[in-house]
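Protein chains in written order, with my numbering: chain A, 1 to 257; chain B, 1 to 559.
If you're looking for bench data, these hints aren't it; they were derived computationally from the structure.
Don't take every hint at face value.
Derived DSS-like pairs: lysine-lysine, alpha-carbon spacing no greater than 30 Å straight-line [what the hints assert, rightly or not]: (1) B:Lys-415 - A:Lys-76; (2) A:Lys-137 - B:Lys-415; (3) B:Lys-80 - A:Lys-137.
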Amino acid sequence: MVSLVARNLMKCYTSVPAVEDVSFSLRSGEVLGCLGPNGSGKSTTVRMLIGLSDPTRGEVLFGGKNIRMNLVAYRKLVGYVPEEANLYPFLSGLEYLELVGTLRGMDEPTLRKRIDSMLELFSLHPHRHSAVGSYSKGMRQRILLIAALLDDPELLIFDEPLSGLDVTSALIVKNLIKLLGERGKAVFYCSHVLEVVEKVCSHVMILRKGRVLAQGSADDLRQAAGQSSLEHAFVHLVEDRDATQTARDLADAMATA
Amino acid sequence: MIHGGETADEDGLDLGMGLLFGLLALPGVFSSLFLADKYGSLFQVLRGDLDFDPYSASLPDEYFFIALSMVVTAAVAIWKWDSLLPDRRDYINLAPLPIASSSFLGANIFALLLLVGATAVDVNIASIGLFPLVVCGSHSSLTYFAIFLDAHLVGVTLASVFSFSAVMTILCVLMSVLPFRLFRKCSMYVRCILIAVILGILATSATVPGEIQGIAEHTRSWLKLLPTVWFTSLDQWMLGRANPTTAMLGNRALIATGLTFVFAICTCVFSYRRCFTSSGEANAMLPARENAIGNWIYRMVHRLVFQTPFERAAFRFTTKALVRGESQALVLGWFVGLGIVISSQSLVGSLTQPISSMGQRIPSAEILSVPLTLSYFLILGLRCSFEVPIALRANWLFRLTVSPDSRECAAFARKVIAVFLLPVLLLCGLSLYASSWGWKFTVVHLTIVTVVSVLFIEIVSIQFRKIPFTCSMPRFKSNSIVVIFIYVVGFFIFSTATSTAEHWAFQDLRRVLIFLPVLGAIWLGIKYWQKSLTYLDTRVIFDELPPTVVETLNLNTSR
Chain A
1 MVSLVARNLM
11 KCYTSVPAVE
21 DVSFSLRSGE
31 VLGCLGPNGS
41 GKSTTVRMLI
51 GLSDPTRGEV
61 LFGGKNIRMN
71 LVAYRKLVGY
81 VPEEANLYPF
91 LSGLEYLELV
101 GTLRGMDEPT
111 LRKRIDSMLE
121 LFSLHPHRHS
131 AVGSYSKGMR
141 QRILLIAALL
151 DDPELLIFDE
161 PLSGLDVTSA
171 LIVKNLIKLL
181 GERGKAVFYC
191 SHVLEVVEKV
201 CSHVMILRKG
211 RVLAQGSADD
221 LRQAAGQSSL
231 EHAFVHLVED
241 RDATQTARDL
251 ADAMATA
Chain B
1 MIHGGETADE
11 DGLDLGMGLL
21 FGLLALPGVF
31 SSLFLADKYG
41 SLFQVLRGDL
51 DFDPYSASLP
61 DEYFFIALSM
71 VVTAAVAIWK
81 WDSLLPDRRD
91 YINLAPLPIA
101 SSSFLGANIF
111 ALLLLVGATA
121 VDVNIASIGL
131 FPLVVCGSHS
141 SLTYFAIFLD
151 AHLVGVTLAS
161 VFSFSAVMTI
171 LCVLMSVLPF
181 RLFRKCSMYV
191 RCILIAVILG
201 ILATSATVPG
211 EIQGIAEHTR
221 SWLKLLPTVW
231 FTSLDQWMLG
241 RANPTTAMLG
251 NRALIATGLT
261 FVFAICTCVF
271 SYRRCFTSSG
281 EANAMLPARE
291 NAIGNWIYRM
301 VHRLVFQTPF
311 ERAAFRFTTK
321 ALVRGESQAL
331 VLGWFVGLGI
341 VISSQSLVGS
351 LTQPISSMGQ
361 RIPSAEILSV
371 PLTLSYFLIL
381 GLRCSFEVPI
391 ALRANWLFRL
401 TVSPDSRECA
411 AFARKVIAVF
421 LLPVLLLCGL
431 SLYASSWGWK
441 FTVVHLTIVT
451 VVSVLFIEIV
461 SIQFRKIPFT
471 CSMPRFKSNS
481 IVVIFIYVVG
491 FFIFSTATST
501 AEHWAFQDLR
511 RVLIFLPVLG
521 AIWLGIKYWQ
531 KSLTYLDTRV
541 IFDELPPTVV
551 ETLNLNTSR
């Protein structure tokens, strides 16, 4: 059983802390949802978890060892879907996935087989030779998902994986995440979509202004906040403003002469 | 048309306006200043040239400035080829606005005129300011100076307008005639051909000016077809030095400029609607199929050269980026085009000389320099194009999968350059030498060229610590001019000196053995240099950052 542990993570940009004292643990079979408003430090945390950014203080442990000890070996065990679908537009979908698989050291027959089956399952097989630059946002997102799953990683880190996906694909991915948890993968899932987090995550962590505001199962958070749903609990914990009133103010501003 | 610095990561060749205009004006400044000794009265006295006529003496230099003006302006138009007409970004931003498309067209034409004007002024301002001063400096008459200034100003400015309009016309005609997908496909090839053409025009500066005064008696009418000759004739006509033929050619310059300009505007208007509406389809999914031959070649090269997963993935990525990335292909095209022009000149020049014989036929130094020249520019072109990033924001993939401590980058770059170079060398060597000079010379010559090229590849990639195309562009540094100077000197050592030495050695093949200790010493020097590199000189980078005052070694983390 592997586990990802973040211990007192802190990240400062020009002395301003973007993330401060973030700690959590994630074991195999768990799906940890990370919620927070814009600028709460979710993406910064993710970047530290995958080793793209060094923490100013604190450490990330995987299997009890600091990931910095052998970053390449650690990353081989991690599948990552970034927030933005930045892919090489001049490569075809197939070429991009081959690039990912080869860089991860997969052998060619296995790689080819997996790419074919996953492209088929994500309905991208007919477009596999077209340039990624011509793909829609949802298609690029599906390519990223395939790239993350290709090497059957132990740990999956998803940053807004449903962004741009159509209803069917989103449904598939939601079920997939749940299933991956059940099959013993550790999944770190960042999202703004509370309903999805509530449905697929076994544990939830709420960030606000770079700090952990609450942590536990969705039921625990609901009960602690004394709310009926995770959405209400989140609003209760995080939002300073009344969303209904802000919407009304915006509509009024549009009509102002 | 000229993006600011904030989008520089998307297009690696975005330099920003200030630096771009500075660079464009630079050749004019240097060329004018280098001519000071030719026209200085003191130098004339020292040379004993007391009947020095600045107007006559300036003809070759005037031709060069006209050629330079045309080449640099055309280069700007070729470089900004995709931005001259509205692109996808413009379409997305402008199409939803409640503005008539005729307004966009007007704005686009106005912007184009502004660009032509700004480029023509910028490219020529140094030569307009300095060259007449340099030429007429020893003359006290202001009229003499004013006439020369007038003629030079009109000649170089019209040459700029002509070349920009010509490129613009080609772009718009292709846009109007070809189906959009075909236009996009052939666009890069047309640009590469245009690069070769403008380099060829610049190369004529060495030979054509001497023929202009006697052009009336010449039967070689191809000279009269050169636009540079028209504009030089126009200059001569304005100076009052024209004969009937050059006057006619000067007139042709005026007509050609007017016609090309009008034609460029007309074709721009004609192609605009089509271009604007098809911008939205620029990213439409094109049907494509698997390239079986390409895959077979990749498998072969993988088996023979690239063994590790990193090398295999990076090689596929590099070749595809090089072929499909426009900026990258253009940078390589510039260098290869220059190499082809210079080696063609050597080849043509050598054909006019008698073949020397020492009991057996020996290729001349010029002919021996052909593969060396091609090799030099191909190596430099590849090395420079590796610096131009492609889709920089997508490089997170390499950041995630490649260890920063990996030392594979330099070795990988060396292998890629060698893979591109060797077929060119073999093809060039076998076709040029084997049939005319026999296998013995061919094998010896190609061996020397290969060894010298491999050493040069080692030198240019010694501090290369990037995966090609994945790192941000190096900033323009104060030592960049020195680097360019070193490249020029390097060319003379690599191509001219080596081929001359080879020619000398081939007179008695035993002399070839002298190459062994020289090349061996260079190889040892390279190895010593490689060993002296520190950890910071070799770790993989994805961002070109300005050097910091204090470098941290990150000793708290394991390497």
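To see whether the hints hold, each was checked on the structure:
Under the criterion of a C-alpha separation no larger than 30 Å, the hint pairing Lys-415 of chain B with Lys-76 of chain A is consistent with the structure, at around 26 Å. Proximity of Lys-137 of chain A to Lys-415 of chain B is assessed by CA-CA distance (about 36 Å); at most 30 Å being required, the pair is judged violated. Proximity of Lys-80 of chain B to Lys-137 of chain A is assessed by CA-CA distance (about 28 Å); at most 30 Å being required, the pair is judged to hold.
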